[in-house]
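Take the sequences, apply the hints, and build the full model.
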Amino acid sequence: MVFEIIHTTRYKYENGASFCHNLATLKPKNGPGQELLEYNLNISPTPNEFSERVDFFGNTIARFSIQQYHEELEVTAKSKVYRNYEEQEEVSNLDKCKSVTVKQAKELLKGLDDEVLNAKQFLLKSPLISINSEEIEAYAKISFKSKRSLYEASFELMHRIFTDFDFVSGFTSIATPLDEVMKEKKGVCQDFAQIAIACLRSVGLSARYVSGYIETLPPEGKEKLIGTDASHAWFSVYIPTFGWVDFDPTNNQVPKNQHIVVAHGRDYLDVPPLKGVTYSSGKTNMEVSVDIRPAKEF
Amino acid sequence: MPTSTNKLFRNYFTDYRGYDEVFASDLGIDKNWDKLLNNLSEIGREKLISKQGEIDWLLSENGVTYNVYNDPKGLNRPWELNVVPFLIQKEEWKTIEKGIQQRSEVLNLLLKDIYGKRELIKKGIVPYEVIFAHRGFLRACDQIQYKTSKQLLIHSADLARGPDGRMWVVNDRAQVPSGMGYALENRFSISKMLPEIFEDINVEQSSAFFNDLNQLLLSSAPSNKENPTVVILTPGPHNETYFEHSYLSSFLGYPLVKGSDLVVRGGKLWMKSLKGLKQVDVIYRRVDDVFIDPLELREDSYLGVAGLMEVVRLQNVAIVNPIGSGILENPGLIPFLNAICKYFLNEDLLLPQIASWWCGQKKERTYVLKHLSSFVVKRIDKTHREHIYFCEFLNKKELKQLKIEILKTPYQFVAQEKINFSTAPNFVNGQLEPRKIVCRTFSVAKNEGYSVMPGGLVRVAAEREELLVSNQKGGTSKDFWVVSDKSQSKIQHYSWNQTSSNRFTGINDVPSDTAENLFWSGRYLGRTIVTARYLRMALNQMANVQFNHRKSESESLKIIFNSITNITSTFPGFTGENELEAMKNPLKEIESVILDETRYGSFAQTISSFNFAYYSRRNLWSRDMWRVFDGIQKLWENFKNEENYSIPVIVKFFDRIITRLIAFRALSEECILVKQGLLLYFIGLQMEEATMTIAKIRSLIIVNHNQELEYEILESLLSSHESLNIYRYSYKSYLSLENVINLILLDKEYAKSLSYQIRRIKKDIDQLPNNTSNEFTECQININKAFDKINSLTVAELKTVDLKSNMRLKLDESLEELSDLLHDASLSISNTYFNHAYKQTQLLNSIK
Chain A
1 MVFEIIHTTR
11 YKYENGASFC
21 HNLATLKPKN
31 GPGQELLEYN
41 LNISPTPNEF
51 SERVDFFGNT
61 IARFSIQQYH
71 EELEVTAKSK
81 VYRNYEEQEE
91 VSNLDKCKSV
101 TVKQAKELLK
111 GLDDEVLNAK
121 QFLLKSPLIS
131 INSEEIEAYA
141 KISFKSKRSL
151 YEASFELMHR
161 IFTDFDFVSG
171 FTSIATPLDE
181 VMKEKKGVCQ
191 DFAQIAIACL
201 RSVGLSARYV
211 SGYIETLPPE
221 GKEKLIGTDA
231 SHAWFSVYIP
241 TFGWVDFDPT
251 NNQVPKNQHI
261 VVAHGRDYLD
271 VPPLKGVTYS
281 SGKTNMEVSV
291 DIRPAKEF
Chain B
1001 MPTSTNKLFR
1011 NYFTDYRGYD
1021 EVFASDLGID
1031 KNWDKLLNNL
1041 SEIGREKLIS
1051 KQGEIDWLLS
1061 ENGVTYNVYN
1071 DPKGLNRPWE
1081 LNVVPFLIQK
1091 EEWKTIEKGI
1101 QQRSEVLNLL
1111 LKDIYGKREL
1121 IKKGIVPYEV
1131 IFAHRGFLRA
1141 CDQIQYKTSK
1151 QLLIHSADLA
1161 RGPDGRMWVV
1171 NDRAQVPSGM
1181 GYALENRFSI
1191 SKMLPEIFED
1201 INVEQSSAFF
1211 NDLNQLLLSS
1221 APSNKENPTV
1231 VILTPGPHNE
1241 TYFEHSYLSS
1251 FLGYPLVKGS
1261 DLVVRGGKLW
1271 MKSLKGLKQV
1281 DVIYRRVDDV
1291 FIDPLELRED
1301 SYLGVAGLME
1311 VVRLQNVAIV
1321 NPIGSGILEN
1331 PGLIPFLNAI
1341 CKYFLNEDLL
1351 LPQIASWWCG
1361 QKKERTYVLK
1371 HLSSFVVKRI
1381 DKTHREHIYF
1391 CEFLNKKELK
1401 QLKIEILKTP
1411 YQFVAQEKIN
1421 FSTAPNFVNG
1431 QLEPRKIVCR
1441 TFSVAKNEGY
1451 SVMPGGLVRV
1461 AAEREELLVS
1471 NQKGGTSKDF
1481 WVVSDKSQSK
1491 IQHYSWNQTS
1501 SNRFTGINDV
1511 PSDTAENLFW
1521 SGRYLGRTIV
1531 TARYLRMALN
1541 QMANVQFNHR
1551 KSESESLKII
1561 FNSITNITST
1571 FPGFTGENEL
1581 EAMKNPLKEI
1591 ESVILDETRY
1601 GSFAQTISSF
1611 NFAYYSRRNL
1621 WSRDMWRVFD
1631 GIQKLWENFK
1641 NEENYSIPVI
1651 VKFFDRIITR
1661 LIAFRALSEE
1671 CILVKQGLLL
1681 YFIGLQMEEA
1691 TMTIAKIRSL
1701 IIVNHNQELE
1711 YEILESLLSS
1721 HESLNIYRYS
1731 YKSYLSLENV
1741 INLILLDKEY
1751 AKSLSYQIRR
1761 IKKDIDQLPN
1771 NTSNEFTECQ
1781 ININKAFDKI
1791 NSLTVAELKT
1801 VDLKSNMRLK
1811 LDESLEELSD
1821 LLHDASLSIS
1831 NTYFNHAYKQ
1841 TQLLNSIK
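Those protein sequences? They're chains A and B, same order as listed. Going by my numbering, the residue at position 22 of the first sequence is 22; the numbering climbs one at a time, nothing skipped. Going by my numbering, the residue at position 784 of the second sequence is 1784; the numbering climbs one at a time, nothing skipped.
Just so you know, these hints were derived from the structure itself, not from any lab. Remember, it's a predicted structure, so these values are computed and weren't measured experimentally. Hints are supplied without guarantee of correctness; some may be wrong.
[To be verified] Mimicking SDA-like on lysine to any residue, the simulated pairs with C-alpha atoms at most 25 Å apart in a straight line are:
(1) A:Lys-106 with B:Arg-1365
(2) A:Lys-145 with B:Leu-1407
(3) B:Lys-1268 with A:Ala-62
(4) A:Lys-125 with B:Lys-1382
(5) A:Lys-110 with B:Glu-1405
(6) B:Lys-1047 with B:Asp-1200
(7) B:Lys-1363 with B:Lys-1403
(8) B:Lys-1122 with A:Gln-104
(9) B:Lys-1362 with A:Leu-112
(10) B:Lys-1098 with B:Glu-1021
(11) A:Lys-145 with B:Lys-1408
(12) A:Lys-106 with B:Tyr-1367
(13) B:Lys-1748 with B:Glu-1817
(14) A:Lys-96 with A:Asn-118
(15) B:Lys-1363 with A:Phe-56
(16) B:Lys-1268 with A:Phe-56
(17) A:Lys-106 with B:Glu-1021
As structure tokens, this is what we get:
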């Protein structure tokens, strides 16, 4: 499956901006089952400076700055991604994945080899995910019993979040504390991912935040509308001796061909698609549109 | 022990059992202190009391301050220095110095490893949580390469003497170690006030250390430039150690800048100056790690520079200390530091540390929880006193709560043994008293090693039995002597060969923020002086009227009251519907115009803006100016606490403060250079005075009055303008409107006339850099218009009265136009040279 993704963000400055520095985390990753075929970042007005680097988590971050007066900033990332989850190890059927229990996982996480060390940083609290909430811990403990398979417990957690939480956009912002999301049981994909991560970390397991896209299918018989998609987020659990396994609590599924991975982080704050510092006065207006569709030539 | 020393030591041991620097357990005197105690007793108790008083006075006169957050006294709490120094013999110091050098090097290698290969974690020497769970571990700093041979460039360690008689390390400061400026000032103050205390004692000087600091800053420049541009980055006047930032800026000769003075473009760092951008090579920073770049670190920071991290990565700027060094301020490292030292240097730590247990390990955690009440518990990344638990003082419930906290994230906690550190004599109320002390030492990277300041800063606990020593709570400090057998040169060489042009090279390089501040400093000074003089004139007139009860005078008083409101813009005041009410008790209204800080335009507000503007650029002013400045502040503080505001009391206050303000104004002309931005200061000052002159004339002589009344008003105008004598000298005649207009508005020679002021503003504006492609800048165009306008006016047309309205319409119209032109000139200066039109904002984040 090859997808074409067009992700556009447009800022309008009420009184113009004299200068800005920005960071964009928009370049899809390469990994098992996913290959980036083409990528193009279009910025208008043309930035005076542009550079890319790989960050601490292995994501590609673009940095650019516009140094003349502008009233609008438009950033468009166009990617072509080959996705075939069958090239990944099929998780649900694999004993190696399913057989690791919660208790074993915790024991194995004490190791010092590179992979485990890398995974362990996702076990600690992070800027948006503090892990001292008793409610979250209690919620997690229902699924994570020590003798249970870590995979199955995580799957159940995903399912429970999907059932217990309502998808309500506009109810939360990045400033909404996780405790409040937990209490109200409302939010968007990012909140659900972070609730799941908090649950896993509160019982001593490694979980990371995945930022990416999901293809949405139009109702049967209708043509898909441009720009109806959105950037998406889910979580990933580290199963020692096996590896990372993704779960999407918003859609209650283990991501397959419809999910495209852009970046990994401890939480949203490590991988916002676009952020920046602007020198401007007055209000800023933002619009985002994402469009994902199968590429025509394949 | 001589009897006089005995007297000083009376009560020294009351209620005290502990370890003291001076007294051995057999109550004999430690021989190292002999000479100092001898000198103290030679000086005598009475003189010590008076010298302590003089030191307090000197420090406060020199404006040495330490800001305490949330202190009701507000900014600028005086720094305290005890007359009795602390001393260590050279022999012992050599051991300590070696220990500090070793520790700086170990921390340096540790810092390199943390942001580099992380071998210590991979080899299991340091648990990963101690690094990864510490908020000071900044992922944005990972794998950054530096050109300096050391990564840790400045290091501070707090030392205290333990029960075994050795100096122990209690704390490390590695982000923005503070205190070396205070240490220097302490030495200067003691040498100045009490030279005899050094009699027969050889105290090591720190000049070589400061030379090393300066060399470090210059050699850190990544570009190997001959004359690198070094700046000192401060969070601003609200920071607790702002005094030190400006002190070091004057001392080292590098500009003091705020984040808003700097900008990142083209992968380089630039300072916004009057002429434009000037590249910065080295930042000596006093801003904490996370605040330094709102793009990559804390988004809500206004203290840093967006994009700075990338400039560091590109090796186009050096930051001293490098960003990310806050990870070393981490008590979680203490239990592992000896192993780290062995790993890197194959030797043990020379300086002992406080026994510490990191709760991330099961065995240690169990032990700590079992004996919790005997420990001092800290979080690994919150080492300030408000986050420290002294468990012996916690009740059962609090202990239980702490246990729960520890168990939730045990790796974030460290428990430390409680140690009774030594005390040293402190001079309090005419007696020596034992007080706990902490010594802060300073080391800077030099070649392959570290150069350590001989001595450092000694801080003293505020109370006799105080456990913690911290200036944030308001303790005092001591000069710290390293005493050697060899005699030291008495001359201190604190200035080094500054052949390089690191200093300001001209008006073009003045940071625009500094320029803006100077401009407003001038304006506020002008406004303060004019307002004070005007109010004093009004009060004197009131006193006269009370004395004479003449009708016409009370008529003129009404006009003056009215003008107070107009000139100070403290509306409604004596105008409009409020007029009747205010006139009933004019003194009350005037009192409010003077004292009400919440009232726009009040004297209180003006003087507070004046204070703040000067305080925030005090590095530019000389000590004489600081003294006068502090005198002004004290006078004002005392006046605010006055019980009865009678006319004579207020007039006396104005007399005194005006004298100081005038002295301040005169001093400023000789203290700072035109190339440091004095031009902007004068433009501000003249502009304010010119504007106020216009306001006075417009509110006093537009309306035509009968002769008697007119005479009184002209007299008031001249007196508030301090021009009565000049008038009498120049005209030798009865006061006439024509002559007054000539003198105050049109005279080309008289420094206080509007014409003269405008000419001077024009002259100064013409000297500002022209950054535009045009022949004239916008401010030049505006001031030229004002200049032409005032030159075109004639006294004949100005004094003409419109019969219908009984007003001097031409005068009013002309002054209005001039006032507008001055306002436009001021605005265009602001737009052309200052950088505040746009504010830094974060882009909205996109989430779905």
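Going through the hints against the structure:
1. A:Lys-106 with B:Arg-1365: Distance ~18 Å between Lys-106 (chain A) and Arg-1365 (chain B) Cα, so the pair holds.
2. A:Lys-145 with B:Leu-1407: holds, 19 Å
3. B:Lys-1268 with A:Ala-62: Measuring from Cα to Cα gives roughly 18 Å; hence the hint holds.
4. A:Lys-125 with B:Lys-1382: Since the Cα atoms of Lys-125 (chain A) and Lys-1382 (chain B) sit roughly 15 Å apart, the hinted pair holds (cutoff 25 Å).
5. A:Lys-110 with B:Glu-1405: Between Lys-110 (chain A) and Glu-1405 (chain B) the Cα gap is close to 22 Å, so the pair holds against 25 Å.
6. B:Lys-1047 with B:Asp-1200: holds, 19 Å
7. B:Lys-1363 with B:Lys-1403: holds, 15 Å
8. B:Lys-1122 with A:Gln-104: Given that 25 Å is the threshold and the Cα spacing comes to 21 Å, the pair holds.
9. B:Lys-1362 with A:Leu-112: holds, 17 Å
10. B:Lys-1098 with B:Glu-1021: holds, 21 Å
11. A:Lys-145 with B:Lys-1408: holds, 18 Å
12. A:Lys-106 with B:Tyr-1367: At roughly 23 Å apart (the allowed maximum being 25 Å), Tyr-1367 (chain B) and Lys-106 (chain A) satisfy the hint.
13. B:Lys-1748 with B:Glu-1817: holds, 19 Å
14. A:Lys-96 with A:Asn-118: With Cα atoms ~20 Å apart, Lys-96 (chain A) and Asn-118 (chain A) stay inside 25 Å; holds.
15. B:Lys-1363 with A:Phe-56: violated, 32 Å
16. B:Lys-1268 with A:Phe-56: holds, 23 Å
17. A:Lys-106 with B:Glu-1021: Roughly 52 Å between the alpha carbons, so the hint for Lys-106 (chain A) and Glu-1021 (chain B) is violated.
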